[in-house]
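Undergrad: The lines below spell out each chain.
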Amino acid sequence: QKEVEQDPGPLSVPEGAIVSLNCTYSNSAFQYFMWYRQYSRKGPELLMYTYSSGNKEDGRFTAQVDKSSKYISLFIRDSQPSDSATYLCAMKVGSSNTGKLIFGQGTTLQVKP
Amino acid sequence: ETGVTQSPTHLIKTRGQQVTLRCSSQSGHNTVSWYQQALGQGPQFIFQYYREEENGRGNFPPRFSGLQFPNYSSELNVNALELDDSALYLCASSSSTGSYGYTFGSGTRLTVV
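Respectively, the protein sequence lines represent chains V and Y.
When we follow my numbering, the leftmost residue of the first sequence carries the number 520, and every step to the right adds one.
When we follow my numbering, the leftmost residue of the second sequence carries the number 952, and every step to the right adds one.
Read the hints as simulated data drawn from the structure, not as lab findings.
Certain hints may be false.
[As the list claims (entries may be wrong)] Just the calculated beta-carbon pair ranges, DEER-fashion:
hint	chain 1	residue 1	chain 2	residue 2	range
1	V	Ala536	Y	Glu1005	28 to 34 Å
2	Y	Pro1012	V	Gln520	22 to 28 Å
3	V	Gly578	Y	Arg1014	39 to 45 Å
4	Y	Thr1062	V	Asp526	42 to 48 Å
5	V	Ser539	Y	Phe1020	40 to 46 Å
6	Y	Val1064	V	Asp526	42 to 48 Å
7	Y	Ser958	V	Tyr590	38 to 44 Å
8	V	Ser559	Y	Asn1022	27 to 33 Å
9	Y	Glu1005	V	Arg560	27 to 33 Å
[Said to hold, decoys possible] Covered by chain V, according to a simulated footprint, are these stretches of chain Y (three or more residues, beta-carbon under 8 Å):
hint	segment
10	1021-1033
11	1056-1062
Please read all numbers here as calculations on a predicted model, not as lab measurements.
Even for Gly, the Cβ is constructed at its ideal location relative to N, Cα and C.
Hey, can you work out the whole structure from these sequences and the hints?
TA: As structure tokens, then:
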């Protein structure tokens, strides 16, 4: 069993839809939870970062962490064609800026005009 | 200079050869990590360097080695290339102090034939 599970999709939605992306994990020691967006032939770009449980909102993006269920989510409101990309969840233990990130497989999202 | 830069962007090597990939860290960042991303998969942690010393290693054989220089730039060396080494190699820099932030470069696409 992988430490972090993520449905690879692909997920196709019409423009304006609400998108829900999810990851589950098995390591209860994870404390830092991140969502990255990766466009084709580019490196991952940090979208959201959450420490421990709770919600965090940034514009059209909302990240949720439920440590009791070992489940994290990213919601995208009013999705745009420019949101079409691969979304990677990532987690880590320990200090915020050292140590390894454990990534999910990534979910490919296509937003159709 | 801002951002993480990697070179070269693409590389084709023959099985058994050796390769060196390079990374320039974001200004102010003193920690560098390397990740391997196979097609359709999430990035896998190779190792991290801090103050020119290896500071954590993933499940990669010793033929994967690295260096960090006093200016915090870094190299990833892979010896005895195998076909399965074909992947996108990502460099990420961060600061050991300050707020969270792993900044990724656009990667080097390595093809082993």
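Undergrad: Would you mind marking each hint as holding or not holding in the structure?
TA: Structure-based check of each hint:
For V/Ala536 paired with Y/Glu1005, a C-beta distance near 45 Å fails the hint of 28 to 34 Å. Separated by about 23 Å at the C-beta atoms, Y/Pro1012 and V/Gln520 satisfy the suggested range of 22 to 28 Å. Roughly 44 Å separates the CB atoms of V/Gly578 and Y/Arg1014, a value that falls within the hinted 39 to 45 Å. At roughly 28 Å, the beta carbons of Y/Thr1062 and V/Asp526 sit outside the given window of 42 to 48 Å.
As the Cβ distance of V/Ser539 to Y/Phe1020 is approximately 43 Å, the hint placing it in 40 to 46 Å holds. Between Y/Val1064 and V/Asp526 the CB atoms are about 32 Å apart, so this pair departs from the stated range of 42 to 48 Å. About 39 Å separates the C-beta atoms of Y/Ser958 and V/Tyr590, a value consistent with the hinted range of 38 to 44 Å. For V/Ser559 paired with Y/Asn1022, a C-beta distance near 31 Å keeps the hint of 27 to 33 Å intact.
A C-beta distance of roughly 29 Å is found between Y/Glu1005 and V/Arg560, which places it inside the suggested range of 27 to 33 Å. Using a Cβ-Cβ cut-off of 8 Å, 0 residues of the segment 1021-1033 of chain Y lie near chain V, which falls short of the minimum of three, so the contact claim is violated. With a cut-off of 8 Å between beta carbons, the segment 1056-1062 of chain Y has 4 residues touching chain V; three or more are needed, and the interface restraint holds.
In the structure shown, a violation is registered for the earlier hints numbered 1, 4, 6 and 10, in ascending order.
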